[in-house]
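Participant: Sequences and hints are given; from them, build the entire structure.
Those protein sequences? They're chains A and B, same order as listed. Residues 1 to 355, numbered by the numbering used here, are exactly what the first sequence covers, in order. Residues 1001 to 1230, numbered by the numbering used here, are exactly what the second sequence covers, in order.
Hint data in this document are derived by calculation from the structure and do not stem from the laboratory. Treat the numbers as computed from the prediction; the structure is a model and nothing was measured. Quick reminder that beta carbons are idealized off the backbone N, C-alpha and C, glycines included. Be aware that a few hints might be false.
Claimed, not checked - Just the calculated beta-carbon pair ranges, DEER-fashion:
hint, chain 1, residue 1, chain 2, residue 2, range
1, B, Glu1166, A, Arg273, 28 to 34 Å
2, B, Leu1185, A, Glu226, 40 to 46 Å
3, A, Ser187, B, Met1038, 17 to 23 Å
4, A, Trp230, B, Glu1067, 46 to 52 Å
Unchecked claim - From chain B, some residues computed to sit far from chain A (all C-beta separations above 12 Å):
hint, residue
5, Ser1023
6, Ala1054
7, Glu1067
8, Arg1068
9, Arg1139
10, Ala1140
11, Glu1166
12, Ala1169
13, Gly1172
14, Leu1174
15, Ile1178
16, Pro1179
17, Glu1182
18, Leu1185
19, Met1186
20, Ser1188
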Amino acid sequence: MSAEPSQRTERRRYVPLLYRVAGVNALLLFIAVVVTIAVLSPKRVSSLHTDEEAIVLGVALVLVVALNVYLVRRVVRPLEALTALARRVDLTAPGQRMPPASPTSEAGVLSITFNDMLSRLEAERREATGRVLDGQEAERLRIAQELHDQIGQELTAVLLALARVERRVPPELRQSLLEVQDAVRGSLEDLRRIAVELRPEALDDLGLESALAVLCERFAERSGLEVTQWIAPGLPILTPEAELVVYRVAQEALTNVARHSGVATARLELARRDDVLTLTVTDSGRGLPQGHRPGTGIRGMGERAALIGATLAIEDAGGRGGVRVRLDVPLDEVEELEEFESLDGATPREVGQAQ
Amino acid sequence: MTAIHEHQAQVDSPAIAPDGSDSPVRVLVVDDHPAVRMGLRELFEDQPDFVVVAAVDSADAAMALAEREPIDVAVVDYQLGSRNGLWLSRKLKRLPRPPRVVIYSAYCDGPLAATSVVAEADGLVSKGGVGADLCEAVRAVAHGQVRLPTVPPALASALRRRLDAEEQAIFGMLLAGIPAAEISLMLSISSASLESRLWTMLRKLEALPTDSMAVRRARPHNGRRRGTPI
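Facilitator: Take a look at the structure:
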């Protein structure tokens, strides 16, 4: 995310403030002393006194320089730290700040302002990312529904009509009809797959654990990737936003395993350690390539994770090769207090139906 | 089974045609999409052993009709606007002479198989199948068979975690194909109590219709809430 530092800021092309202030002050003092001696009391100039005055002058010079160095350092130090932080700060990994300073100097005020600015930028970025991802999810939902309600229903009607026609076609056309039927069924199947990928229905309906089970099942069916699941019992119910993040990370990670790992098995784990819910997806494939740079999918996962205060790590899975994707979700922020999330969608008339 | 019967007298015979009898299967079609509804009606009308009693577009219309006329098999689209096919299935099963129920859905996967079991549906057929599969399933359930896909074990255990101990027992028995009447005997609970249990389970497990799904997702985003105070 962070851009390369520009040429101008990277190489120092100036004399540091410290040397400039100390040098100018020392020069001024030197000139002042010489002028004082030469102009105000030229007659008192003698070889004896010159040595003593030279010592006094020298000591004064050293003192001035030392005092300057000390004072200017105090001002400049935080500025250097500020420059270093500004260079490395990364909004996708929020929380990097200058050490606390008091507003008793320009540098202190600058540090505080800089921290405030980082907080503001991080908040704005979080909000913008949240808006983009919300919009993306809403759009996906809309497309999935449209695919299902419009095209899917019409293809279903076509299939039913074909089934009717099948009984009446002359034998020589029968083969062609079956091919058309197969083509329509294939399209319907594709459409369904796309709709499901766009929108994890099971997540809305049945919650994270079931949705992950369905996800693994679908991967097995479609790409032949066999996923071993281990989901710890008694996990808390998360907010819908957090569930969606965990689900999307699992989906992206499994997609990557199917595409890049070169193996046919993966392991998905969801467990709780203290107040952190951890999702890990591990494969035993060829591992991360040399000089691996994250693609858009993984960056997207990271952004989603940051949004709910979670952290994402993609690392080599121990000595056996393979890759481990690990998502740590702090539970204090994302735990759902309601017992069953799906109940708030049920209307009173449905609740009253039991007789 | 092959003879064509069209006289009205057949309508007054028992709700489920016994095996080997040649009374036609009285089918009710419930689908809110006009083209699909029409397609189903025509497909069934073409079958010599089926009689289409009606093709309606909503759960309420289906209930009104089923209360008036005996139905052997209701072919119910899963998505029916505000009330879904599972709701209708449970309501139909409470009738004095309950019809057999086939859920006809685009997504015939594990979750719907599990919820169909709780809704006491007898069959679940994919919209992606050929017409002959659907007709075969209707015939099979009309003769007392069950046509539900199996629920994968990992999913079944994930779903069980959403239920309490007694509900888990009921769910397990339903998955094993034990009818509701026997379950209430085995657990020695009244049928009314089992009934309310099943509604609760369905609410916990049920795939909600799409409109409430959209409402649920439209809630403000966590990130947005946290972002505002700065």
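Participant: It remains to establish, for every hint, whether it holds in the given structure.
Facilitator: Now for the hints, and whether the structure bears them out:
1. Glu1166/B to Arg273/A: 28 to 34 Å: Distance hint for Glu1166/B, Arg273/A holds at roughly 31 Å.
2. Leu1185/B to Glu226/A: 40 to 46 Å: holds, 41 Å
3. Ser187/A to Met1038/B: 17 to 23 Å: Holds, at about 20 Å.
4. Trp230/A to Glu1067/B: 46 to 52 Å: holds, 49 Å
5. Ser1023: Given that every Cβ of chain A is farther than 12 Å from that of Ser1023/B, nearest at about 23 Å, it holds.
6. Ala1054: holds, 17 Å
7. Glu1067: holds, 15 Å
8. Arg1068: holds, 20 Å
9. Arg1139: holds, 15 Å
10. Ala1140: holds, 17 Å
11. Glu1166: Non-interface label on Glu1166/B holds, nearest chain A Cβ at 15 Å vs cutoff 12 Å.
12. Ala1169: holds, 17 Å
13. Gly1172: holds, 16 Å
14. Leu1174: Correct as stated: the minimum Cβ-Cβ distance to chain A is 16 Å, above 12 Å.
15. Ile1178: holds, 21 Å
16. Pro1179: holds, 19 Å
17. Glu1182: The claim holds: Glu1182/B sits with its nearest Cβ about 20 Å from chain A, beyond 12 Å.
18. Leu1185: The assertion about Leu1185/B holds, with a minimum of 19 Å to chain A.
19. Met1186: holds, 20 Å
20. Ser1188: It holds; Ser1188/B is separated from chain A by about 19 Å at its closest Cβ, greater than 12 Å.
Consistency note: the structure conflicts with none of the earlier hints.
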